[in-house]
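Participant: This is what each chain is made of:
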Amino acid sequence: MQNRGKIVIRGIVQGVGFRPFVYALAEKYAISGWVKNLGSRVEIAAAGARFSEFCAEVSKGTVLSTIDAVDVFPLDEEVGPGFVIRSSGQGSLDGMIPPDVAVCDDCIRDIFTPGGRYEGYWATSCVNCGPRYSIIKTLPYDRERTAMDAFPTCTPCGAEYADPACRRHHAQTIACASCGPSLALLGPDGTERACADPVAAAAAMLDAGQILAVRGLGGFHLACTEEAAGVLKGRLGRQEQPLAVMVREDAVERYASPTEEDWGALRDRVHPIVVMEKRDPAGNRGISSLHTIGVMLPYTGLHHLLFARLGHDLLVMTSANMPGTPMITATADAVERLRGTADAFLVHDREIVNRCDDSVVRDGHIIRLSRGMAPMRAAIDLGGRCILGVGPELNATTTIYRNGFAVTSPHVGNVRNPQTLAYLQETVEKIGRLLGASFEVIAHDLHPQFLSTRYARELAAETGAELVAVQHHRAHIAAATREECVGIAIDGVGYGDDGTIWGGEIFAGAAPHLERVAHLQTVAMPGGDLATRYPERMLYGILPEEETLRLLLSRGLGEVEAGVLARQVERGVNVARTSSTGRVLDAAAALLGICRERTYDGEPAMKLESAAYGVRAEEWDLEYGREGNCRTLQTAALLKRAAAEGAAGRDVHGIAASVQHNLARGVATLAIDAAAERGIGTVALSGGVAYNAAIRETIRRCVEDAGLSLLVNRRYPLGDGCISFGQCVWAAAELDER
Amino acid sequence: MKVNLMHGAGGEVMGELLGVLTKFTHNNAGGIGLESLDDGAVIPIGDQKIVFTTDSHVVHPIFFPGGDIGRIAVSGTINDLAMMGGRPIALSCGMVIEEGFEVADLERIVSSMDGALGEVGASIVTGDTKVLEKGSLDGIVINTAGIGVAEKVVRDNGLLPGDVIIASGTIGDHGIAIMAHREGFDLGEQIRSDVAPLWGMVKLALAAGEIHAMKDPTRGGFANAINEMARKSGVHVEIEEEALPIRTNVRSAAAMLGIDPLEVANEGKAIMGVAAEDAEAILAALRSHPYGQDAAVIGRVTEGRDVVMKTKIGGERYIEPPVGDPVPRVC
Ligand SMILES: [Fe+3]
Ligand SMILES: [Mg+2]
Ligand SMILES: [Zn+2]
Ligand SMILES: [Zn+2]
Chain A
1 MQNRGKIVIR
11 GIVQGVGFRP
21 FVYALAEKYA
31 ISGWVKNLGS
41 RVEIAAAGAR
51 FSEFCAEVSK
61 GTVLSTIDAV
71 DVFPLDEEVG
81 PGFVIRSSGQ
91 GSLDGMIPPD
101 VAVCDDCIRD
111 IFTPGGRYEG
121 YWATSCVNCG
131 PRYSIIKTLP
141 YDRERTAMDA
151 FPTCTPCGAE
161 YADPACRRHH
171 AQTIACASCG
181 PSLALLGPDG
191 TERACADPVA
201 AAAAMLDAGQ
211 ILAVRGLGGF
221 HLACTEEAAG
231 VLKGRLGRQE
241 QPLAVMVRED
251 AVERYASPTE
261 EDWGALRDRV
271 HPIVVMEKRD
281 PAGNRGISSL
291 HTIGVMLPYT
301 GLHHLLFARL
311 GHDLLVMTSA
321 NMPGTPMITA
331 TADAVERLRG
341 TADAFLVHDR
351 EIVNRCDDSV
361 VRDGHIIRLS
371 RGMAPMRAAI
381 DLGGRCILGV
391 GPELNATTTI
401 YRNGFAVTSP
411 HVGNVRNPQT
421 LAYLQETVEK
431 IGRLLGASFE
441 VIAHDLHPQF
451 LSTRYARELA
461 AETGAELVAV
471 QHHRAHIAAA
481 TREECVGIAI
491 DGVGYGDDGT
501 IWGGEIFAGA
511 APHLERVAHL
521 QTVAMPGGDL
531 ATRYPERMLY
541 GILPEEETLR
551 LLLSRGLGEV
561 EAGVLARQVE
571 RGVNVARTSS
581 TGRVLDAAAA
591 LLGICRERTY
601 DGEPAMKLES
611 AAYGVRAEEW
621 DLEYGREGNC
631 RTLQTAALLK
641 RAAAEGAAGR
651 DVHGIAASVQ
661 HNLARGVATL
671 AIDAAAERGI
681 GTVALSGGVA
691 YNAAIRETIR
701 RCVEDAGLSL
711 LVNRRYPLGD
721 GCISFGQCVW
731 AAAELDER
Chain B
1 MKVNLMHGAG
11 GEVMGELLGV
21 LTKFTHNNAG
31 GIGLESLDDG
41 AVIPIGDQKI
51 VFTTDSHVVH
61 PIFFPGGDIG
71 RIAVSGTIND
81 LAMMGGRPIA
91 LSCGMVIEEG
101 FEVADLERIV
111 SSMDGALGEV
121 GASIVTGDTK
131 VLEKGSLDGI
141 VINTAGIGVA
151 EKVVRDNGLL
161 PGDVIIASGT
171 IGDHGIAIMA
181 HREGFDLGEQ
191 IRSDVAPLWG
201 MVKLALAAGE
211 IHAMKDPTRG
221 GFANAINEMA
231 RKSGVHVEIE
241 EEALPIRTNV
251 RSAAAMLGID
261 PLEVANEGKA
271 IMGVAAEDAE
281 AILAALRSHP
291 YGQDAAVIGR
301 VTEGRDVVMK
311 TKIGGERYIE
321 PPVGDPVPRV
331 C
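For the record, the sequence lines run as chains A and B.
By full-length UniProt numbering, the letter at position 662 of the first sequence is numbered 662, and the numbering carries on one by one without gaps.
By full-length UniProt numbering, the letter at position 61 of the second sequence is numbered 61, and the numbering carries on one by one without gaps.
No wet-lab data here; the hints were simulated from the structure.
Where hints are given, some of them may not hold.
As the list claims (entries may be wrong) - Now the stretches of chain A that chain B is said to cover, found in silico as 3 or more residues with beta-carbon under 8 Å:
1. 414-420
2. 437-451
3. 526-540
4. 567-575
5. 627-634
Backbone N, C-alpha and C define an ideal beta-carbon position, used for all residues, glycine too.
Using the sequences and the accompanying hints, generate a full structural model.
Facilitator: Set out below in structure tokens:
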């Protein structure tokens, strides 16, 4: 019977309470020895009669940990008596950066325990909760390498840190009102306002309808009540955009109808924004004009304190940033850039080392991979090379693959301006450094003008890394599966092999051989990106007819503009060609008078989905065609039918539902036929349009009715947040064949 | 690789072709040569600096609001000389004409060329004419070459941190005018090309202060010119969107077509980087000339790289050299 050994545990074992967990077990099983943190692994020297039981228990890990491997070696040193936690050593860095964790129930209880050490303290946390990634400077994860370094513990905190019986034993973020970071309320110009309780003062301002910038875990939010949402939208110049809300847990059902799955998502340790159905689909229009609402629960001590002092049970909580730029993290920046937007600033003095926006999920699918989820690590064997996937341009993340693991960054955003490009670079550098990565391969989007493409080229020139260009929609499918499949990518736009703009694509095969076998009809996109902003242009691009012009004129399109649009399409001046699914939905929204101008990402298609919500669709005849070697679904015919239904006076909601349903049916048919032709049993679905529940579920029904299985990626976003990971997968597959 | 139309559109794609066409080993006659890819070459002869340049011109249609191919052929070469700081003296004119071309049209072209020459006091002193079989070209191609003399040579790579960027007038007129006319767009109001020989205006500016770099934003437009200047000078340029002079009709036409007016050709404009302390004087000199009435300070030069525009809504975006046709990127 073995009674001693050196146990080496690899995986996500930092910032997850691993060492105190080991310590407690050592006590329980009367084990002597030590435990030590070594970057990406924990080493335990253990000796004692109950070694085997101890070994079995430590191998299970803590709730927050993920264990990749446990190895036991002979122990070649004397240990004991007793068990100690040794200070961390330098180790390899291929382990993991732990994500932030929402404040736990025990800590919430501490905050509201009268007379307790943590009563009313905003940054209360323990070994099971609190900031991690957002405060980490380097690994291993220890206080001195985080933003908490600036706050030496007081004697009682130090005692709890050292006390094996305490929940804060070795909790690196331990802090209390006397030693930890503190709060302040700043006026609109950034000068501090004297007040005994900044949270109470902030709550009073919010209740009175004012707009506050609140410094949180990974950045600033703009907060206000529902009544003040209109003012906030006005100040931001975003009249239409739905705003996320933070709601007291007991009030969620006043605003939304969460499913059981939604409740699970709301309450898990991530505490993301959960997009769910509104209680009254037509209600709360000041927050969202859609049938859905994005809800999150308070996830820091500060939020809980704020709600405790607030009369309202809901706050609008939207990321504070300038249009298209990253969330603001530094107080000085916030004061400078939110002048005129925020009436006051509720801030803390703990540095936000790594920006992290709120994560967003819907129906179990990740819309935005960020706080609490990212950096996200996936075990995958992509070979021995270190690969960087820089992502696409919009809704980008980056992924670094090294030594059997792909690590995907939090949401970077739309890499279209110098600030966001700088943030992309910074993210790659920081996570790269934390992981000790040096890139041998850099994968990027095929689009020649993406700033991320340019960054990839420059980085490759600097480092000598090999460049691999990956077609956008193939990256979508590669992110979903490496197995042979028929892949459906229903999306906005992405640069295609043939220089046209893809976005409604059916592939067959497996990376790096995904053959384009079918797609939506290639149609005119008059004015390129202009057609994305004005969906009516897209409608005319698909249906370039007198009747369309008449309809658009009746909707308010100017005579001159209408004439120019018609001429532009006729002459092909600055007209791109696209098979995008998103653009077809945009055109349908324009046709039905639902959306004339897109003011935020996905607006026309999302409004179309809302218009169709809860309404029965009709089955329409579909037309298919052929372009080159590919089968096509004729979207012009589909929209023509929709236009005819409209002209016949049919209900807009019914037409919206039918457009979505029949488009989905057509796409599914193309995929099913391709699968049958090739004897493939799996259909993978990706792309931003797959968030549309009606479209996704119609495709699922059709595919499953045909006896095939539908694979929808739940680990990565369906939208472009998965691209960087897909790029890594694709690049590895391609290089394996070179 | 085969040559395609994108190769002639300016910007990055054209760079591929230039890689082939600049492989001359005999490329410099003692001053500034082909290797610089500047607006023209400089050949020192005695203590004179002779500026030399050439350009071939095709434009459809050959007569358009605000000008014609003849005025472009003369102005293009004069402006290339002027951008080097050269006073234009003499030009050559080579014409390749398609069988069937109207002689009356030729007369109009010649008289238009003569008018442009007269504006700056230059002459066409030598020429050549070829007529090709119908169908072997579309109408007419005019090549001009020109020589001038520079007191002080102005390069396109001389931007210095601290410099102020000046545009001599409105941006995008020529490109939008040609497109509107050629494609038959009814924009409600006619847009005219800005084609003009600029030596007169440039001479006044040179006399008014220190011009560190100068370029005419022809093919690839302002976006291409300013990027080339920044890249060759190794500096960062910051442009204020609000300060960019763009005619309302050009702006609205471009907006309707989804075209960036910064990416289309100009034929009567100069972009210059000038010493900050001389900016006012140079601006005044430009504005005193009919072709420089709308001149404006549009940006400044700092250390770094790239060209960034501060937008009206308080954001920033890169101004990048266009790649032929724009490719949609919105997801
Ligand atoms: Fe996509
Ligand atoms: Mg030139
Ligand atoms: Zn806790
Ligand atoms: Zn303390």
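Participant: It remains to establish, for every hint, whether it holds in the given structure.
Facilitator: So, going through the hints one by one against the coordinates:
1. 414-420: Per the Cβ count (4), the hint holds.
2. 437-451: Coverage by chain B holds for the stretch 437-451 of chain A (5 residues, Cβ < 8 Å).
3. 526-540: It holds: at least three residues are needed, and the stretch 526-540 of chain A offers 8 whose Cβ sits within less than 8 Å of chain B.
4. 567-575: Holds, because 5 residues of the stretch 567-575 of chain A bring their Cβ atoms closer than 8 Å to Cβ atoms of chain B.
5. 627-634: violated (count 0)
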